[in-house]
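> Sequence:
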Amino acid sequence: MEGTEKTALLLLLPLSNAVELNLKGCEKQCDYKPKLQPRPHSVSILEFGAVGDGKTLNTIAFQNAIFYLKSFADKGGAQLYVPPGKWLTGSFNLTSHLTLFLARGAIILGSQDMSHWEVVEPLPSYGRGLELPGGRYRSLINGYMLNDVVITAMCKFRTFSVYAPPESPYTVGIVPDSSDSVCIENCSISTGYDAIALKSGWDEYGIAYDRPTESVHIKQVYLQSSSGSALAFGSEMSGGISDVLVEHLYIYNSFCGVEFRTTKGRGGYIKGIVISDTEMTSVRTAFAATGQSGSHPDDNFDPNALPILQQITLENAIGTNITLAGNFTGIQESPFTPICLSNISLSVTCSSCSSSSSWVCSNVLGSSWLVFPEPCPEFSNSSLSCSSLLDSDGRAVGL
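Taken in order, the sequence shown gives residues -18 to -1, 1 to 381; the numbers are from mature numbering (1 follows the signal peptide of the UniProt record, and there is no 0).
FYI, nobody ran anything at the bench for these hints, they're computed from the structure.
Computed from a predicted structure; not experimentally measured.
The reader is advised that the hints may include incorrect statements.
Calculated pairs, DSS-like style, for lysine-lysine (alpha carbon to alpha carbon, straight line, at most 30 Å) [what the hints assert, rightly or not]:
| no. | residue 1 | residue 2 |
| --- | --- | --- |
| 1 | K52 | K37 |
| 2 | K57 | K37 |
| 3 | K68 | K37 |
Kindly produce the complete structure, drawing on both the sequences and the hints.
Pasting the structure below:
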């Protein structure tokens, strides 16, 4: 089961809102490989009347199946088996102590009818919905305040594909939001907006909720984003994002490769991030960090709540057909520092651009080593140090 079945999830919108995965204390979440214990109870989605023809709507079948399996939460949990087929559905909720197992050839299709996407109460860390004032569209596969959730493999998003059409508005692949001990591994994600986005609450609501996203390991993923970023941090990050290790990242045909987003009024922090061994092809902006991104839920945010972005390491990256190497635009009252670049080689296609114009920098400070094209002078401070090493708890050394 672990890493052997190829599955697909289509139109997977923000997933894992405040999901707690039980992998705490592991050095690298994706390298922790516990023996998968079978659930004592298992049912097939077929038992609830689902039809995998790609046309029949199966929302009620998924909802009824998970409602039934919820009764086994205190009895060792349960598994919902999805056999090969195209399973059209609207949004539905998972439950704790659940394994959602997709067999080879099983595809969960998101309905194109917006009436099949329930508008629910806003998350307490957001105050309102991102799409609608007051509420929010529920994600295709939604989880809130859950633990011991398995999708295909033990506490991991592993070996599946996520696809949304390039023209689809604001479709996002996987969103660990106020989540900890997360592994995303061996996945292919192509979306209209962000492929993977780490978040933790919005302005005063996220600050009050105070639940960070931390201890995240992303490994061996193929990402494509038509109008957003392949890998994004924020801009909703008011509860904090820290201790994130990303390695073996492949990005292609994307608007932006890796982007850190925030703005005044967010508060919170993004720190202790290591992104290593990245390959990019045909990406407009390879790396970006901006302090002027995103809106506010209402007028009650504190403009003096300044976010912190620090201890960011970007290392061992190569790129071809890149338009802009980097765009780092921090906040004057809270500069981004240190950001450390090392062993990076990007082939910038702008024939009229000089090396210096391949990078845009302000209110940022860091260091660089073996970086081409040569970055901004702001990255020439050799006294600043970042580390690609992690301590025994998987946290960046020196924080």
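> All hints are to be evaluated individually against the structure, with a verdict given for each.
Here's how the hints hold up against the structure:
no., hint, in the structure
1, K52 / K37, "holds, 27 Å"
2, K57 / K37, "violated, 35 Å"
3, K68 / K37, "holds, 8 Å"
The structure does not agree with numbered hint 2 stated previously, though it agrees with all others.
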